[in-house]
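Colleague: Each chain, written out:
Number of protein chains: 4
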Amino acid sequence: MILFQCDYNEGCHPRVMEKLLETNPEQTVGYGEDEHCARAAGLIRKACGDDTLAVHFLVGGTQTNTTVIAAALRSHQGVIAAQTGHINVHETGAIEASGHKVLALAHRDGKISASQVAELCEMHLHDASFEHTVQPKMVYISNPTEYGTIYTRKELEALHEVCRSYGLYLFLDGARLGYGLAAADNELDLPFLARCCDVFYIGGTKVGALFGEAVVISNDELKKDFRYHIKQRGGMLAKGRLLGVQFEALFEDGLYLEISRHADRLADQLREAFKQAGFPMLVESRTNQIFPVMPDAVLEELGRDYGFSYQERVDETHSAVRFCTSWATKEENTDRLIADLKRLAQAV
Amino acid sequence: MILFQCDYNEGCHPRVMEKLLETNPEQTVGYGEDEHCARAAGLIRKACGDDTLAVHFLVGGTQTNTTVIAAALRSHQGVIAAQTGHINVHETGAIEASGHKVLALAHRDGKISASQVAELCEMHLHDASFEHTVQPKMVYISNPTEYGTIYTRKELEALHEVCRSYGLYLFLDGARLGYGLAAADNELDLPFLARCCDVFYIGGTKVGALFGEAVVISNDELKKDFRYHIKQRGGMLAKGRLLGVQFEALFEDGLYLEISRHADRLADQLREAFKQAGFPMLVESRTNQIFPVMPDAVLEELGRDYGFSYQERVDETHSAVRFCTSWATKEENTDRLIADLKRLAQAV
Amino acid sequence: MILFQCDYNEGCHPRVMEKLLETNPEQTVGYGEDEHCARAAGLIRKACGDDTLAVHFLVGGTQTNTTVIAAALRSHQGVIAAQTGHINVHETGAIEASGHKVLALAHRDGKISASQVAELCEMHLHDASFEHTVQPKMVYISNPTEYGTIYTRKELEALHEVCRSYGLYLFLDGARLGYGLAAADNELDLPFLARCCDVFYIGGTKVGALFGEAVVISNDELKKDFRYHIKQRGGMLAKGRLLGVQFEALFEDGLYLEISRHADRLADQLREAFKQAGFPMLVESRTNQIFPVMPDAVLEELGRDYGFSYQERVDETHSAVRFCTSWATKEENTDRLIADLKRLAQAV
Amino acid sequence: MILFQCDYNEGCHPRVMEKLLETNPEQTVGYGEDEHCARAAGLIRKACGDDTLAVHFLVGGTQTNTTVIAAALRSHQGVIAAQTGHINVHETGAIEASGHKVLALAHRDGKISASQVAELCEMHLHDASFEHTVQPKMVYISNPTEYGTIYTRKELEALHEVCRSYGLYLFLDGARLGYGLAAADNELDLPFLARCCDVFYIGGTKVGALFGEAVVISNDELKKDFRYHIKQRGGMLAKGRLLGVQFEALFEDGLYLEISRHADRLADQLREAFKQAGFPMLVESRTNQIFPVMPDAVLEELGRDYGFSYQERVDETHSAVRFCTSWATKEENTDRLIADLKRLAQAV
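Protein chains in written order, with the numbering used here: chain A, 1 to 348; chain B, 1 to 348; chain C, 1 to 348; chain D, 1 to 348.
Honestly, the hints are just simulated from the structure, not real lab data. Note that this is a predicted model, so its numbers are computed, not measured. A portion of the hints provided could be inaccurate.
As the list claims (entries may be wrong) - Which residues of chain A face chain C? A partial, calculated answer using Cβ under 10 Å:
no.	residue
1	E18
2	K19
3	T23
4	Q27
5	Y31
6	A47
7	L73
8	R74
9	Q77
10	E131
11	T133
12	V134
13	R233
14	M236
Ideal placement from N, C-alpha and C gives every residue a C-beta, glycine not left out.
Can you make the complete structure from the sequences, with help from the hints?
Modeller: Right, here's the structure in full:
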């Protein structure tokens, strides 16, 4: 059985593991105040081209989203997100449990636009009973999105502008950021993200680390007291240096983008193979998530040898599913799947 | 200027005020443990035909909704409601501030159906990552809804059944309950509500009282410790007897339904007048809220003499607005408006 | 049975009731945006000698405390209060339910001092793991306190200074403010409170109104968006004008202080009578709450004719109890109690 | 510089690291539903002698405490803890941020007693306004406590009994459980804990793992839906198998207790050396935390070569500090410190 259902089926990249092994006996202070965290933060600031950025390391995505949002909002404020946004559907109400409403917008392939944000803000401002509704104060986007799509430079700039106009914070969830930045059609880079977003994070869990997300804060308002929130939301790892060590490995020699490119390249090959075998994509993208629409009978057969995840029913006999590649995907496995797809196509 | 924009423009019904005046010098214990509250609760239990019901008095609607929902749910559970439900749009995120997600469903004239609830529950149960999503545990409906519509006996029974099947609580927001029960096409009554709902409330604020909502709980699980929650959510009035006194007045001689009928009768007259003047209804109903669609120019003229509230834009030159009647509406005022509508129709 | 157990056993002062009656048929807009609220706010601003103050009207004390505190604090911040403070003991954890820790300090007769606040702040600042502890951001005091005591001018100034030094908000709970301002030994007045506190409230529920608390905000940071919080916490009364009307009555002719003086004068008489009868005070004060320490046997006898509330056990045969006077207390009733105390004293 | 300030200065035990390395390339499903977690849970159930226990793996202590408490309590309920309990002082108000009050009791060397719990419950039950106070529903204890002390068999049984009597859950925080179970004067074992507690956890972070806490639930009420809460509170690690793998290593050959004994043995030696050098203990215990009281001048000198943490001021010239040993402490380092203490003693 070969697993393609997500991008966290394996442990970590060997170079990350090596560094964990090598630093294991070291004595350091706890809670992220050690030298590895300091060095990793420095490498990230450098990669972002801005040495005033605050960089913090948290353990996982739900925790990071909750911490950033709860730290930023007052109790009457909410966060705008796509209906399909991770915080709106797949975090067991973590944002609401911290007291805040997710203001969900219709999505286009997982994305939302500046004009949708403007429209919601205008409605709020002109509502005679605006104080009876949640005040929008933050925009949450993910890049890549839950559908594998990415924002263009222009789209992100427009979101930045609309947020500035209406006094909103822009927060980008980069749980899979590497796979976005490494995509064939990507227009973004870290310095651009640091300029456009008030806060974003660079996902490690899905991109080569055992776990860990690096939060990058450019807005001074959000920098203040952030470590209190990390602690309160359970994200302050006692042995914080584990996070620093992993991000050192990922950022000291360009490993983060290098392994992301590997995943995207294999995803492109797989996507092509699905299409050539006659299985169209639910959503087009060039990152590591692939969403073919396939006959249920074919899926059943494929499911004997390959793990993938169910996305949604398309019609009575077809479903969309998700295959993921990652930094850990072996080319021999994608080759085998490609060969099987060809075989299946001929059989159908 | 005659105000029709809501059903809380005036104080309270003279018989309620009289009773407040008469009992004003009495000494009673506080926090709803007095004899007026006991007697009012008894009257409501009797009207509901069930002497095992728990009856509590709270001050206002947002408070009541938050208290009932927060008392019923554990932190990983959410409440299903229509997209247009009051708790989803007009309580400044009070439910989320208490830690719970509102699981919004598409509405039909403000209503949701048993089949929609079943579908959501089935999706939750069959989701491979169901523990990553909020567990549905309560259904919130309002009757009349925010669009003035009411549930039929069959619809409510179906909701009751679906809730029982999936282990959900059924909660009916009766902020305007009187206007529902008194409507020409109403099929419901209090005993039926007490059987179908785990908890519902009888609105006083909008139906003759200065303020106050009577929560009626039939499900034993929800009865337990409910007064702690009233106190915690700020709903335990020090002079709780004020609530008891008002509900005594409303329920000792059938005043509650009597004044509701008055409002619905005038609403029917007004609705008819709007239609005859050529202004169609956004939503059809027989309760005290009226939603005519009118040319913006006509609205501007009408706005000089009458207060009404803006509902939504219909097209470039037309908007839907809301006129409300209430227990306090004077027939001379509706007559005047009807005459003006006739005049406007001729002018157009 | 004559009730002395609290200061909310009766309805409202006749002049308040008269005004409610008189304005009952009026049509006004809802949610506190009517002219009565505007006028009442103006009267309070004038009484405080500062026309830049924001004044809002809420229904009850728990609600007001929760709303003010939740509006002011970010999620990692807590509120300092006396161990005996109302928010720490008698609000069913309402502050914690809004997400904030009450940082309790030892009290002296219900009061806390500037030096205690400074000490806590210093400890926080010098704690190596300060980010692992709640950040103090507000000081909550009540005046009169839960023990009937009041702050001197010097004590309040010192609290104001220490709050300014450490960047804390000073919040004064004035649920019984009138009885403090009217006390024989009082040194404070409204203009002084408005200068010293970032926010305080003038209690109506216990001082002549049916219900209602007037929140007075002097700090601009706390003024921003406050109405959203009122709505979210369930304190925005639909018929908000009821609050305005009552505070108009209380503040247009000095009624608020006049009726407070009445209560304090009778309390002084009662206190004197207790002492002369040989029953010492648990706590000395000159406001409307009286805390005699009495033999349990005497309390049992007294309990047949008078309602009072239990405070605490003093020794095996003595307890401290609480008698309250209020704006509504009849002199014939205090006279009767005084006579009975004399009789009891002779009997003992 | 040799660090003794805490028990999480190093990475993980070599046998844990070895297993992480060995399993690193494996493909498994995520979120703790893999075979390593299943096997580790089985080993723990076996060690506890009860195969009906639910076992879950979370990342860290604050997260575990918040998740367990928030999952167990309804919104009007609070958790009883020692004033010095970790949840009351060192989690940045995480429990309050989840909506619950910590009901703090005076401690004796970090411990609380059954009689204190009974007294608090009796007070609550007999309070005329009990609904105005938080309902106690859980008792939180730590073993070892924050002062390194441990509960006797009799003390824990008494707590179990009192909890059963008053309908409270008993929750034991075992962040340092190994060091308690391995202490010279320990009377407890895992089966006894599983019988006495409704829920407890076995700390990995401080006892040989990189991170991770194993929650053991015996009460069926608390088992229900627990994974939703793990996800909501950010504790569901994507690569959950990392937790399983580490607890396999700790529990398959008795490693957990073996390395705990090592730490306690060195702590006993150090403690003896402090005392012989004339430095008394602030609190007596036999676990891995040592609290000597020392002259400030000596501490300054010692601080040049050794890391330790500040505990509290004892008098003008003396402070109590904390030295910790752990599974990772090298005997050569404790020997060196012992030698230095002898030298310092002679110098003083």
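Colleague: Next step is simple, just say for each hint if it's right about the structure.
Modeller: Now the hints, each set against the structure:
no., hint, verdict
1, E18, "32 Å, violated"
2, K19, "27 Å, violated"
3, T23, "23 Å, violated"
4, Q27, "17 Å, violated"
5, Y31, "8 Å, holds"
6, A47, "26 Å, violated"
7, L73, "9 Å, holds"
8, R74, "7 Å, holds"
9, Q77, "8 Å, holds"
10, E131, "4 Å, holds"
11, T133, "9 Å, holds"
12, V134, "8 Å, holds"
13, R233, "9 Å, holds"
14, M236, "8 Å, holds"
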